[in-house]
Amino acid sequence: MKRPIARIAATATALAVAVLLGACSTATTTTGTAGVAPPKVKEMKKLGAGEGQLNIIAWAGYAEDGSNDKTVDWVHPFEQQTGCQVNVKIGNTSDEMVQLMRTGQYDGVSASGDATLRLIYAGDVAPVNTALVPNYATISTFLKKRPWNSVSGQMYGIPHGWGANVLMYNPKVVTTAPTSWGAVFGGSSAYKGKVTAYDSPIYIADAALYLMKTKPSLKIKDPYSLTEKQLDAAVALLKQQNANVGEYWADYTKEVQAFESGSSVIGTTWQVIANVIGADKKVQVKTVLPAEGATGWSDTWMISSKAKHPNCMYQWMDYITSPKVNAQVAEWFGEAPAQTKACTETSDKGFCTTYHALDSAYASNIHYWTTPQKQCVDGSGNDCTAYSEWVDKWQQIKG
Amino acid sequence: MSVPSTARPGARLRLAALLGPPMVWLVVAYLGSMAVLLVSAFWSTNTFTGAVVPVYTSGNLLALVTDPLYRDVTLRTLLVALGVTVLDAAVAVPMALYMSRVASPRARVALVVAVTTPLWASYLVKAYAWRVLLSPTGPIAWLTGGHSSGYGIGAVVVTLAYLWLPYMVLPVFAGFDRVPDSLLEASADLGAPMRTTLRRIVAPLVLPAVAAGSIFTFSLSLGDYIAVTIVGGKTQMLGNVIYGQLITANDQPLAAALSLVPLAAIVIYLLAMRRTGALENV
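Taken in order, these protein sequences are the chains called A and C. Per my numbering, the first sequence runs over residues 1 to 399. Per my numbering, the second sequence runs over residues 1001 to 1282.
With the rest of the complex left out, here is chain A:
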């Protein structure tokens, strides 16, 4: 009995030594595709009959079937209209969505700008024939053919909605209403152990945005185009914040629960989370768009290149951007609808004004999630830090 195990141990040791020796001579080899055309994937030419099934990945609040709030349901009407049975998988972060799409088991995804290009360049999504999506015609023009949803004029999806990440707080504990992100950075020690933050490397951009406005000496121009030095400054700020963070959230239900139980009282959020807490009526929360502006998202419904139910997916893309449904989603999620005609369908007539839905100048002031790349995404050079580096830094911040 003793011998074989000893032999295995010896072999394992030898293997480990060989690996370490090999390590000295070879560096990490990586290849990039930035600047290269995405793999050729054919777009749909003609719509056919629905396949009876649809598997989609969506942000929480994008595909409601009445299970959160009985009055909030646009999945069942779609199923009745088209006969496509919808299976929704909630994606908590863009990275998770990319990972899920890569399995090839889903027909489509509501992708944010920090996932779209990764999906396009990996050939995970197909170009969209916008002629087959009638509602595309009346989508806000400032959302069409943008760098995050198209490649050389070819759309890779249908814009869905956009908005800003806002600051949420519990007014019972945070008695003076915060107006700056400083409340969760420099001033976070006031709520030590009860501060929360979004558990994703993309959150580094929030710290970078704050530094961009408060530390001009760092010369940050775009929170997604950070040089090594600028990234280090943002990381230092987040490490300082970490001392006061009680817990991070990635799963939106966790943030809901944390605010309701009082273990978190201030932190970044999506408007939909504040709405869910408001609907539960256990605690009162308020949200504010701080003076520094905010990071945000601009989401696009994309179709998988391996979609098993492409016709249902095209029907879904048209349905979800139809004026009435787009208005419903926008009001529930708390974001600006991409569909211009949705503004006449909202139950709150001032909704589109509140969210600046038709205001292209306002929209251009939000720093939309984008995948950081070595080739700076704002076009300022090629000495920026790539997303993989952000991920390592994020794990270091959490320690």
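Think of the hints as simulated: they come from the structure by calculation, not from any bench. Take these hints with a grain of salt, some might be off.
[Said to hold, decoys possible] Anything over 10 Å on all C-beta distances counts as not near chain A; from chain C, calculated:
(1) Trp1025
(2) Val1112
(3) Ile1247
[Stated by the list, open to error] Chain A side only, calculated, beta carbon under 10 Å to chain C, not exhaustive:
(4) Thr71
(5) Asp73
(6) Lys89
(7) Thr93
(8) Asp95
(9) Glu96
(10) Val98
(11) Arg102
(12) Gly104
(13) Ala122
(14) Lys254
(15) Gln257
(16) Gly399
All figures in this text were calculated on a predicted structure; none of them were measured in a lab. For glycine and all other residues, C-beta sits at the position ideal for the given N, C-alpha and C.
Keeping the supplied structure of chain A fixed, place chain C upon it in accordance with the hints.
Okay, now just chain C, sitting in the frame of chain A:
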């Protein structure tokens, strides 16, 4: 001559049919996935799309050794796993002793049922129950006048110790049960007090069973990453770092390399426990 020669292939065929499927499962599904894990630890990824590229690199394994983050997290995870094991052993040994030697047969059955029933409830339900218990406004804070340690590494140890307790109690209970009464009587006849009998007769005989239980508690804690996100506050364990590299960073090769750490820890632990005779007790 003709009878055995025709019977033997039939018997062999039957044996093959019996053992074949589990062997295929073991080799293909279990060892195969292990091999894939080992191999993909040496691959690289496309820095932009995150897709796996089968280009050899040893950078991933080198990072395990050189990056202080992975060292800290590994150390923390090992400490949590050891803490859980010690806590479980401390609770399980007196409990199992009572169950096997003191309790009446009827009470014994009731206790065994009581120990095993929590296994019926979902892991998530139990972890969330601890989240509620430990919350700043929860029962523990109320009982202690607001002195609950709250979410963090201590909460992780307590929660995991609760979750894995049955896996420690049952082998230890069986271990106590196996100690022959004659040995205890002989010890008593020779004038040894109860304490000496426990120390010199029972303890050495039960130790392998405790070691067997510890294999469960140690390895289950080592791989856990869900309880820690529920009650751990901002604590990271190895499982979270692996999950982060796989799902968040989309860096499958580095995640595979990181998975080799708990694998190695468990192999070392098993080799250590083998000396106690635990493997014959599992």
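For each hint, the structure was consulted:
| no. | hint | result |
| --- | --- | --- |
| 1 | Trp1025 | 21 Å, holds |
| 2 | Val1112 | 32 Å, holds |
| 3 | Ile1247 | 5 Å, violated |
| 4 | Thr71 | 27 Å, violated |
| 5 | Asp73 | 26 Å, violated |
| 6 | Lys89 | 13 Å, violated |
| 7 | Thr93 | 6 Å, holds |
| 8 | Asp95 | 4 Å, holds |
| 9 | Glu96 | 5 Å, holds |
| 10 | Val98 | 6 Å, holds |
| 11 | Arg102 | 8 Å, holds |
| 12 | Gly104 | 13 Å, violated |
| 13 | Ala122 | 4 Å, holds |
| 14 | Lys254 | 8 Å, holds |
| 15 | Gln257 | 8 Å, holds |
| 16 | Gly399 | 7 Å, holds |
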